[in-house]
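Residue numbers (my numbering), protein chains in the order written: chain A, 1 to 275; chain B, 1 to 333.
Keep in mind that a hint or two might mislead.
What the hints assert, rightly or not - With a straight-line cut-off of 20 Å between C-alpha atoms, the simulated DMTMM-like cross-links for lysine to aspartate or glutamate are:
| id | chain 1 | residue 1 | chain 2 | residue 2 |
| --- | --- | --- | --- | --- |
| 1 | B | Lys178 | B | Glu198 |
| 2 | B | Lys178 | B | Glu218 |
| 3 | A | Lys108 | B | Glu98 |
| 4 | A | Lys274 | A | Asp104 |
| 5 | B | Lys178 | B | Glu211 |
| 6 | A | Lys274 | B | Glu198 |
| 7 | B | Lys178 | B | Asp261 |
| 8 | B | Lys178 | B | Glu123 |
| 9 | A | Lys108 | B | Glu92 |
| 10 | A | Lys108 | A | Asp225 |
| 11 | A | Lys274 | B | Asp201 |
| 12 | A | Lys274 | B | Asp69 |
Please keep in mind that the hints were generated in silico from the structure rather than gathered at the bench.
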Amino acid sequence: MSAVPLNRAPAVAAPGTVRAHGPGAFVRDTWLMTRRHLLITRRTPQLLVLSAVMPIMFVLLFRYVFGGSIRVPGYPSYVDYLIPGILVQTVIFGASSTAVGMADDMSKGITDRFRSLPTQRGAILASRTIADVIRLTYTVALLIGVGLLVGFRMHTGVLEVAAGLGIAIFFGYACSWLFALLALAVRHTETAQLAAFLLTFPFVFAASTFTSTATMPPWLRTFADGQPVTKVVNALRALMEGTGSAARPALYALAWSVGILIVAASLATWRFRKI
Amino acid sequence: MSDPPMITAEALVKSFGSTVALAGVDLEVERGTVLGLLGRNGAGKTTLVRILATLLAPDVGSARIAGADVLRDPQTVRSRIGLAGQYAAVDEMLTGRENLELVGRLYGLRRHEAETRASEVLERLNLTAAADRLVLTYSGGMRRRLDLGASLVGRPLVLIMDEPTTGLDPGTRIELWKFIGELVREGTTLLLTTQYLEEADRLADRVAVIERGRMIAEGSPGELKQRVGGDVLEVRSASFGDLDRLVHVLSGLGSGPPVADVREQRVTLPTADRVATLLAAARRIDESGLQIDDISLRRPSLDDVFLALTSSREPHGSAPPTKGPVTSERVVV
Numbered sequence: 001m002s003a004v005p006l007n008r009a010p011a012v013a014a015p016g017t018v019r020a021h022g023p024g025a026f027v028r029d030t031w032l033m034t035r036r037h038l039l040i041t042r043r044t045p046q047l048l049v050l051s052a053v054m055p056i057m058f059v060l061l062f063r064y065v066f067g068g069s070i071r072v073p074g075y076p077s078y079v080d081y082l083i084p085g086i087l088v089q090t091v092i093f094g095a096s097s098t099a100v101g102m103a104d105d106m107s108k109g110i111t112d113r114f115r116s117l118p119t120q121r122g123a124i125l126a127s128r129t130i131a132d133v134i135r136l137t138y139t140v141a142l143l144i145g146v147g148l149l150v151g152f153r154m155h156t157g158v159l160e161v162a163a164g165l166g167i168a169i170f171f172g173y174a175c176s177w178l179f180a181l182l183a184l185a186v187r188h189t190e191t192a193q194l195a196a197f198l199l200t201f202p203f204v205f206a207a208s209t210f211t212s213t214a215t216m217p218p219w220l221r222t223f224a225d226g227q228p229v230t231k232v233v234n235a236l237r238a239l240m241e242g243t244g245s246a247a248r249p250a251l252y253a254l255a256w257s258v259g260i261l262i263v264a265a266s267l268a269t270w271r272f273r274k275i
Numbered sequence: 001m002s003d004p005p006m007i008t009a010e011a012l013v014k015s016f017g018s019t020v021a022l023a024g025v026d027l028e029v030e031r032g033t034v035l036g037l038l039g040r041n042g043a044g045k046t047t048l049v050r051i052l053a054t055l056l057a058p059d060v061g062s063a064r065i066a067g068a069d070v071l072r073d074p075q076t077v078r079s080r081i082g083l084a085g086q087y088a089a090v091d092e093m094l095t096g097r098e099n100l101e102l103v104g105r106l107y108g109l110r111r112h113e114a115e116t117r118a119s120e121v122l123e124r125l126n127l128t129a130a131a132d133r134l135v136l137t138y139s140g141g142m143r144r145r146l147d148l149g150a151s152l153v154g155r156p157l158v159l160i161m162d163e164p165t166t167g168l169d170p171g172t173r174i175e176l177w178k179f180i181g182e183l184v185r186e187g188t189t190l191l192l193t194t195q196y197l198e199e200a201d202r203l204a205d206r207v208a209v210i211e212r213g214r215m216i217a218e219g220s221p222g223e224l225k226q227r228v229g230g231d232v233l234e235v236r237s238a239s240f241g242d243l244d245r246l247v248h249v250l251s252g253l254g255s256g257p258p259v260a261d262v263r264e265q266r267v268t269l270p271t272a273d274r275v276a277t278l279l280a281a282a283r284r285i286d287e288s289g290l291q292i293d294d295i296s297l298r299r300p301s302l303d304d305v306f307l308a309l310t311s312s313r314e315p316h317g318s319a320p321p322t323k324g325p326v327t328s329e330r331v332v333v
């Protein structure tokens, strides 16, 4: 064996110090890991650009291909009806990246690394969902810009619009926990991606996202009117376009979001302890 | 030694569905020593490591690391261990330095402490030149070193390495062994899992062999090899059908019973007398008229240790011929 002198600091000296527990440590760990996720996002700008391409394609598709033959009562201009719907769709697709990111970290051993450190384990999940919601906020902003370019106009005040976007993004945050739960169940990156898409599909399309639910067959309409995506879309639409009272849809949307958040976050945290 | 052991495990049991991964494992590792945990794929090594690293809870049993219970006080355990995994668990899209600083901060170091510590570890693992490059650009060996580095950032009392050199080329493996050897000389307590006897031989003070979730042997590498009886005589049969006759012809010659390995179409025989055994075996085979392709003496491998250990448990327990007729290309010379 080599007898090369080690002019280096000893790796093992002081015994491991026990970390502080409590909310301070939780906030700190969440911040540290959120920063890691965002740094990685910034270094993969292709992903950021590509993730914005799909919603933009939906805007163009429905604005220029299908839009001409879609009439929604109360909306002389279909694009005003369309954009709030696509914003919510974007929020959900954005949240589904939580499933992919988490499954990826798990399969690569990154999650095990973090879990073997004296971190607050809840912070591992929290940082992932927070980073994803920051990312989807960026996509939402971009999409509003594209909407304005293709003729979308808002007919309410800044406060209403901000409240509507807040509700939509909060809904996205709640969904992000749902997708974290999904990732914990399937673990495998590609499976998580596909499962997230398939699960999302009926909720996004059997909804008031692109057209009024009034023309749907009764059984479908019952589902579409009752499910959370429609509630969130209706709330956002009312708050952006001033069509009808916003209070009731906003309340429904918030209730759904809070419910999803509480259930999904508790289940995901519980499941995460056991993996 | 009056010190309590740094790692203790008592009667650990863990099942996944109907698969029993650990069927009652006891373990002790003294302060400043290296335990090599040998076992094939699926023997239970990784499950044991995950329990000790607080990543998995056992169904039954308990374990303590540096005095802290993995179930009751996992946070203390985590602050005292460093874990290096089978695959390099480092972020490709971060630089080497960023990876280590993040780990340092998650250990609870302040920012400047984490920075200093990351620099020290990078220096130590000869990664300073590559420190500010994305890990994406690192070679496999560099990633593995960085992963090892990440486990050192928190100045752990106990290092746990799960197959640290699996999949590495021989040069990189030897380089990594050097680093691990240095750590060990500085007094780190190390639990190392491996599939390579050579690795355990080189690094470990004690070796435990795990098979189907049970410890089937424990001792120094030398002791384990002695169970094989020194060297190994290996006879490769020319035809599959002759294996049983070959076993019969060779019985009584070596220091233990001959063991047939159906897949390799060979019979191995532990021997203490080396050349004498070789000559005697050659004479007997010649007299019997059996056709062989090869006959040689060699140092025992992990396979031999396994075969010796399992055959001493079941008198005729050679590799079970359960895979149907052997028609592999090995039959053709």
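So, going through the hints one by one against the coordinates:
Taking the CA atoms of Lys178/B and Glu198/B, the gap is about 14 Å. The hint holds against a cut of 20 Å. For the given pair, Lys178/B sits about 24 Å from Glu218/B by alpha-carbon distance, which is inconsistent with the 20 Å threshold. The suggested pairing of Lys108/A with Glu98/B holds, with an alpha-carbon distance near 17 Å, which does not exceed 20 Å. With a CA separation close to 18 Å, the supplied pair Lys274/A and Asp104/A stays within the 20 Å bound.
For the suggested pair Lys178/B and Glu211/B, the alpha carbons sit about 28 Å apart, so the restraint of at most 20 Å is broken. Restraint check: the Cα-Cα separation between Lys274/A and Glu198/B comes to about 35 Å, which exceeds 20 Å; the hinted pair is violated. As the CA atoms of Lys178/B and Asp261/B are separated by approximately 34 Å, the hinted pair breaks the 20 Å bound. The straight-line distance between the Cα atoms of Lys178/B and Glu123/B is roughly 15 Å, inside the 20 Å bound, and the hint therefore holds.
Of the supplied pair hints, the one linking Lys108/A and Glu92/B holds, its CA atoms being roughly 10 Å apart against a limit of 20 Å. Note on Lys108/A and Asp225/A: the hinted pairing is violated, with a Cα-Cα distance of about 41 Å set against a maximum of 20 Å. Taking the CA atoms of Lys274/A and Asp201/B, the gap is near 35 Å; set against the 20 Å cutoff, the hint is violated. Between Lys274/A and Asp69/B the CA atoms are separated by roughly 17 Å; this keeps the pair inside 20 Å, and the hint holds.
Checked against the numbered hints above, the structure violates hints 2, 5, 6, 7, 10, 11; every other hint is satisfied.
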